[in-house]
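Q: Chains D and C, in that order, are what the protein sequence lines are.
Just so we're aligned, residue 561 is where the first sequence starts under the numbering used here, counting upward by one.
Just so we're aligned, residue 2 is where the second sequence starts under the numbering used here, counting upward by one.
Hint data in this document are derived by calculation from the structure and do not stem from the laboratory.
Heads up, a few of these hints could be off.
According to the in silico footprint, chain D covers these stretches of chain C (three or more CB under 8 Å from chain D) [what the hints assert, rightly or not]:
1. 30 to 43
2. 105 to 111
Below, a list of computed lysine-lysine pairs in the DSSO-like style, where the Cα atoms sit at most 30 Å apart [claimed, not checked]:
3. D:K639 x D:K663
4. D:K639 x D:K602
5. D:K605 x D:K663
6. D:K605 x D:K562
7. D:K639 x D:K605
8. C:K14 x D:K602
9. D:K605 x C:K14
10. D:K663 x C:K14
11. D:K663 x D:K562
Values in this document were obtained by computation on a predicted structure and should not be read as measured data.
Cβ atoms here follow ideal geometry from the backbone N, Cα and C, with glycine treated the same way.
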Amino acid sequence: RKEVEQDPGPFNVPEGATVAFNCTYSNSASQSFFWYRQDCRKEPKLLMSVYSSGNEDGRFTAQLNRASQYISLLIRDSKLSDSATYLCVVNRGGGADGLTFGKGTHLIIQP
Amino acid sequence: EAGVTQSPTHLIKTRGQQATLRCSPISGHTSVYWYQQALGLGLQFLLWYDEGEERNRGNFPPRFSGRQFPNYSSELNVNALELEDSALYLCASSPLRPDSNQPQHFGDGTRLSIL
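Please take these sequences and the hints and turn them into a complete structure.
A: Here is the structure:
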């Protein structure tokens, strides 16, 4: 089983729609969780950290379910500029290791 | 605040040569991480440096090495280059605090092409 698994997509979504991605991780000792966004041939950029209580940043909502070992990202009122690959990222320990990346979910927002 | 900077942006080498990639972390960050992103693959953890020492390495052969300087900048060296080393090499930095889990911030990357 891969450490971090994501549906690669692509998700084709009309502008203004709501879209949700899930991600599962295998290491129950994982300590911190993030969503990164990566545009084509660019570096990953931190979108948001994911907290146990769930957190929201504008149109983006992240949830963590430790019992089921999955993380979700919800994007409301999607914009054309949201088109990108969304990477689910897990940190096994407080800085002691590199981040473990999922392969990403490709999102295409259509006008 | 200046972000993570990497150089060069692009690097073209031939098989058997050696490549050196450079990274400067965000000011105040002591940890530097290197990742490889080959075409069609996810990011793979290469190396972690903190306070001038190699703290951990991913599942890569010894010809991938590096170092961290007193100013926390870092070099990644790849010896005896092979065709499959062609990839985007990303450097990330974070402030290392054992009691917290800080996200990492990435540079623009160096695109290494092996001919």
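Q: All hints are to be evaluated individually against the structure, with a verdict given for each.
A: Going through the hints against the structure:
Restraint check on the stretch 30 to 43 of chain C versus chain D: 5 residues with Cβ-Cβ distances below 8 Å, three needed, restraint holds. For the stretch 105 to 111 of chain C, the stated coverage by chain D holds: 6 residues have a C-beta nearer than 8 Å to a C-beta of that chain, and at least 3 were required. A threshold of 30 Å between alpha carbons decides the hint, and for D:K639 with D:K663 the separation of about 23 Å falls inside it, so the pair holds. Among the hinted pairs, D:K639 with D:K602 is consistent with the structure: their alpha-carbon atoms are about 19 Å apart, no more than 30 Å.
The suggested pairing of D:K605 with D:K663 holds, with an alpha-carbon distance near 15 Å, which does not exceed 30 Å. This hinted pair checks out: D:K605 and D:K562 have alpha carbons roughly 23 Å apart, not beyond 30 Å. A distance of roughly 18 Å separates the Cα atoms of D:K639 and D:K605; the hinted pair therefore holds under the 30 Å criterion. Taking the CA atoms of C:K14 and D:K602, the gap is about 21 Å. The hint holds against a cut of 30 Å.
Our distance criterion of 30 Å between C-alpha atoms is met by D:K605 and C:K14, whose separation comes to about 28 Å. Between D:K663 and C:K14, the direct Cα distance comes to roughly 27 Å. Compliance with the 30 Å bound is thereby established for this hinted pair. As the CA atoms of D:K663 and D:K562 are separated by approximately 10 Å, the hinted pair is consistent with the 30 Å bound.
Checked against the numbered hints above, the structure violates none of them.
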